[in-house]
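Novice: Which chain is which? The protein sequence lines are A and B, in order. Note that the numbering used here numbers the first sequence so that position 93 is 528, with each residue one more than the last. Note that the numbering used here numbers the second sequence so that position 95 is 307, with each residue one more than the last.
Hints are computed from structural coordinates only; laboratory data are not their basis. Virtual Cβ for every residue (Gly too), placed ideally from N, Cα, C. Worth double-checking, as some hints may not be accurate.
Stated by the list, open to error - Below are the BS3-like pairs computed for lysine-lysine, each with C-alpha atoms no more than 27 Å apart in a straight line:
hint, chain 1, residue 1, chain 2, residue 2
1, B, Lys213, A, Lys453
2, B, Lys213, A, Lys444
3, B, Lys254, A, Lys476
4, A, Lys488, B, Lys280
To be verified - On the chain A side, residues computed to face chain B include the following (Cβ under 7 Å):
hint, residue
5, Ala474
6, Pro478
7, Pro501
8, Pro504
9, Thr548
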Amino acid sequence: DTEVTQTPKHLVMGMTNKKSLKCEQHMGHRAMYWYKQKAKKPPELMFVYSYEKLSINESVPSRFSPECPNSSLLNLHLHALQPEDSALYLCASSQDRGSNTDTQYFGPGTRLTVL
Amino acid sequence: KQEVTQIPAALSVPEGENLVLNCSFTDSAIYNLQWFRQDPGKGLTSLLLIQSSQREQTSGRLNASLDKSSGRSTLYIAASQPGDSATYLCAGGDGKLTFGTGTRLTIIP
């Protein structure tokens, strides 16, 4: 099973709302990632978790708050977002971060619209 | 800082033709190079991963090569099919992937 699942598929929220994105994998991977992808642009890395600890934060605004409750689950908590935060949010996982042999497996993404 | 470029940005070819997609990167200290495809509005599907010690990888009709000295990777697709239409992205790094700008491929039936 090489599947990464993400919920919800679509999310519309106002600028004052609080919502969460969820990502799950059952491949035993120890590294998990959040990416943001704007239309017609490549994905941009936001956060990396390695062994359930935050190892990379690419200077992401604090209105995005990641959480890794266990090795299979990754959340992204959203609060006071701006319309320019509307994008496709992709989750990925790999066996370990930094290994030369690692393939990153991506979920289908959550399409976020901020009104 | 690693920069990854893909040329052309878009490509249309008739069904059945062989084609090559190009990827260039600025930092030769790249751990591995991955090729992905992305269908509109969807997530990424990993196609091939080339480790830094390797020069190429093959999967079915796909063949990817890596030349670290010149900072280039190519993805060769043989006998193209309409189902191959998608955006193809290359990405390099060591867990922190830097993505190229992508090539939008259209196979004309």
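Novice: Give a verdict on every hint.
Specialist: Quick rundown of the hints versus the structure:
With a C-alpha separation of about 34 Å, the suggested pair lysine 213 of chain B and lysine 453 of chain A falls outside the 27 Å cut-off, and the hint is violated. With a CA separation close to 33 Å, the supplied pair lysine 213 of chain B and lysine 444 of chain A exceeds the 27 Å bound. Taken as a hint, the lysine 254 of chain B and lysine 476 of chain A pair is honoured in the structure, with Cα atoms around 13 Å apart against an allowance of 27 Å. The straight-line distance between the Cα atoms of lysine 488 of chain A and lysine 280 of chain B is roughly 32 Å, outside the 27 Å bound, and the hint therefore fails.
The restraint placing alanine 474 of chain A at the interface with chain B is violated, with a minimum CB-CB distance near 10 Å, outside the 7 Å limit. For proline 478 of chain A, the shortest C-beta to C-beta distance to chain B is roughly 5 Å, which falls under 7 Å, so the interface hint holds. With its C-beta approaching chain B no nearer than about 15 Å, proline 501 of chain A sits outside the 7 Å limit, and its interface hint is violated. Interface hint status for proline 504 of chain A: violated, as the beta-carbon distance to the closest one in chain B is roughly 21 Å, over 7 Å.
Given hint, threonine 548 of chain A at the interface with chain B, is violated; its Cβ is 13 Å from that chain's nearest Cβ, farther than 7 Å.
Hints 1, 2, 4, 5, 7, 8, 9 from the earlier list are contradicted by this structure; the remaining hints agree with it.
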